[in-house]
Amino acid sequence: MRTSLGIVRGLGSAKDGTEHFWVQRVTAVALVPLVVWFMASLIALSAGDHASLVAFLKAPVPLIAMLLFLATGFYHLRLGMQVVIEDYVKDEGMKLAALLANTFFCTGVGTAAVVATLKISFGA
Amino acid sequence: MSISKAAINRPTSPHLSIYKPQISSIPSITHRITGVGLGAGTVWLAWWLIAAASGPEAFATVQAFSGSIIGRLLLLGFTWAICFHFINGVRHLIWDLGYGFDLKSMEMSGWFTVYGSVGLTGLIWVAAIMMRGAL
Ligand code: HEM
Numbered sequence: 001m002r003t004s005l006g007i008v009r010g011l012g013s014a015k016d017g018t019e020h021f022w023v024q025r026v027t028a029v030a031l032v033p034l035v036v037w038f039m040a041s042l043i044a045l046s047a048g049d050h051a052s053l054v055a056f057l058k059a060p061v062p063l064i065a066m067l068l069f070l071a072t073g074f075y076h077l078r079l080g081m082q083v084v085i086e087d088y089v090k091d092e093g094m095k096l097a098a099l100l101a102n103t104f105f106c107t108g109v110g111t112a113a114v115v116a117t118l119k120i121s122f123g124a
Numbered sequence: 125m126s127i128s129k130a131a132i133n134r135p136t137s138p139h140l141s142i143y144k145p146q147i148s149s150i151p152s153i154t155h156r157i158t159g160v161g162l163g164a165g166t167v168w169l170a171w172w173l174i175a176a177a178s179g180p181e182a183f184a185t186v187q188a189f190s191g192s193i194i195g196r197l198l199l200l201g202f203t204w205a206i207c208f209h210f211i212n213g214v215r216h217l218i219w220d221l222g223y224g225f226d227l228k229s230m231e232m233s234g235w236f237t238v239y240g241s242v243g244l245t246g247l248i249w250v251a252a253i254m255m256r257g258a259l
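Protein chains in written order, with this note's numbering: chain A, 1 to 124; chain B, 125 to 259.
Hints in this document: simulated from the structure, not taken from any laboratory.
Because the structure is a prediction, the values reported are computed rather than measured.
For each residue, glycine too, the CB sits at the ideal point set by N, CA and C.
Take the hints with a grain of salt, since some may be wrong.
Unchecked claim - Only some residues are given here: those of chain B computed to face chain A with a beta carbon under 8 angstroms: (1) I206; (2) F210; (3) G234; (4) A252.
Unchecked claim - Taking CB as the label site, the calculated pair distances span: (5) A:E92 to B:A251: 18 to 26 angstroms; (6) B:L198 to A:L118: 43 to 51 angstroms; (7) A:G48 to B:Y223: 39 to 47 angstroms; (8) B:S149 to A:T103: 40 to 48 angstroms; (9) A:V23 to B:M254: 36 to 44 angstroms; (10) A:A59 to B:K228: 45 to 53 angstroms; (11) B:F189 to A:L100: 44 to 52 angstroms; (12) B:K228 to A:L118: 48 to 56 angstroms; (13) A:V36 to B:P180: 25 to 33 angstroms; (14) A:E92 to B:K228: 40 to 48 angstroms; (15) B:V250 to A:K90: 44 to 52 angstroms; (16) B:E231 to A:G48: 38 to 46 angstroms; (17) B:Y223 to A:E92: 36 to 44 angstroms.
As the list claims (entries may be wrong) - Interface residues of chain B toward chain A, partial, derived using beta-carbon atoms under 8 angstroms: (18) S152; (19) R156; (20) G161; (21) G165; (22) I174; (23) F183; (24) M255.
All chains, please: the whole structure from these sequences, using the hints.
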């Protein structure tokens, strides 16, 4: 989503118009049902053991919901932390380092969580 | 390009240290704190999933930590954090649609967020304890 003025003027200082704001909202909307599902699943699983968690993630709908929750959540986190860093880290070099660390953290931890979920689901 | 002194020393806003905490500002900063806190909590979530993927023994280690006093206190904190961020997040989305931005509605929804997040946390824990058949 870009404002017409943003397109004309080269999208403002960040060069991406209202894209960041918009995707933060899209992920927030998607997280509403996904977080409800996740919390309900945690309640249901809280009394269970390892076998019940594995059995749960072997079913297709919970697997899909879990992957969507992880992908959306980590994306939302990356966008959100970016704003926090831009607000508080003044030094340009430090800011760049923090933004890189944020992206690496979210991509790394997010990918690890996704791979673990897939391994549980498709493992023996 | 020369930068004037006034531009360098321009005041930063808002002056949090001299600002009275209000029902407008408290949920705002709490949304940020809970967002960052939940971000840190994703390490625990990933650890839980990775352990479950490695097998029952690794999983038992995570469950032992989660079941300890510290683990339970942290889980209680994270439950509240996600409830708060959830309710206040929906509040943000409603504002984005153009509703509820007058002072009276904003104050009401602010208090709703504060009490609602505590109430929802309680409900979730009661539900989880009931699942364990301990209630
Ligand atoms: C139902 C779920 C959620 C909703 C509706 C939601 C909504 C939002 C919204 C609307 C914002 C933007 C606030 C602003 O512009 O000031 C935001 C910021 C943020 N969210 Fe979420 N969120 C949800 C879940 C999460 C989760 C699970 C995490 C962490 C993994 C998270 C981390 C953050 C962070 C770090 C920010 C930035 C805070 C700031 O800029 O002050 N959110 N959220």
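Verification of the hints:
The criterion of a C-beta within 8 angstroms of any C-beta in chain A is met by I206 of chain B, whose closest approach is roughly 7 angstroms, and the hint holds. Against a cut-off of 8 angstroms between C-beta atoms, the interface hint on F210 of chain B holds, since the closest Cβ of chain A lies about 6 angstroms away. Taking 8 angstroms as the C-beta cut-off, the interface hint given for G234 of chain B is violated, the closest approach to chain A being about 18 angstroms. For A252 of chain B, the suggested interface contact is upheld, since its CB lies about 4 angstroms from the closest CB of chain A, less than 8 angstroms.
Distance hint for E92 of chain A and A251 of chain B: a CB-CB separation of about 48 angstroms, inconsistent with the stated range 18 to 26 angstroms. Separated by about 27 angstroms at the C-beta atoms, L198 of chain B and L118 of chain A break the suggested range of 43 to 51 angstroms. G48 of chain A and Y223 of chain B have their C-beta atoms about 41 angstroms apart, which keeps the hinted 39 to 47 angstroms range intact. Take S149 of chain B and T103 of chain A: their Cβ atoms lie about 30 angstroms apart, and the range 40 to 48 angstroms is violated.
Hint check: V23 of chain A to M254 of chain B, Cβ distance near 38 angstroms, so the stated range 36 to 44 angstroms holds. Distance hint check for A59 of chain A and K228 of chain B: the Cβ-Cβ separation is about 47 angstroms, which falls inside the suggested range of 45 to 53 angstroms. At roughly 30 angstroms, the beta carbons of F189 of chain B and L100 of chain A sit outside the given window of 44 to 52 angstroms. Taking the beta carbon of each, K228 of chain B and L118 of chain A are about 49 angstroms apart, inside 48 to 56 angstroms as hinted.
In this structure the hint that V36 of chain A and P180 of chain B lie 25 to 33 angstroms apart at CB holds, the actual value being about 29 angstroms. In this structure the hint that E92 of chain A and K228 of chain B lie 40 to 48 angstroms apart at CB holds, the actual value being about 42 angstroms. Look at V250 of chain B against K90 of chain A: about 45 angstroms separates their beta carbons, and that is inside 44 to 52 angstroms. Range check, E231 of chain B to G48 of chain A: Cβ separation about 42 angstroms, and the 38 to 46 angstroms hint holds.
At roughly 39 angstroms, the beta carbons of Y223 of chain B and E92 of chain A sit within the given window of 36 to 44 angstroms. Taken as an interface hint, S152 of chain B does not check out: its beta carbon lies about 12 angstroms from the nearest beta carbon of chain A, beyond 8 angstroms. About 6 angstroms separates the beta-carbon of R156 of chain B from the nearest beta-carbon of chain A, less than 8 angstroms, and the hint is met. Here the hint on G161 of chain B is broken, as its CB sits about 11 angstroms from the closest CB of chain A, past 8 angstroms.
Among the interface hints, the one on G165 of chain B is violated; its C-beta lies about 10 angstroms from the nearest C-beta in chain A, farther than the 8 angstroms criterion. Contact between I174 of chain B and chain A, as hinted, is supported at the beta carbon level, the nearest pair being about 4 angstroms apart and thus within 8 angstroms. The interface hint given for F183 of chain B holds, since its Cβ lies 4 angstroms from the closest Cβ of chain A, which is under the 8 angstroms cut-off. Against a cut-off of 8 angstroms between C-beta atoms, the interface hint on M255 of chain B holds, since the closest Cβ of chain A lies about 4 angstroms away.
In terms of the numbered hints stated before, the structure departs from hints 3, 5, 6, 8, 11, 18, 20, 21, listed from lowest to highest.
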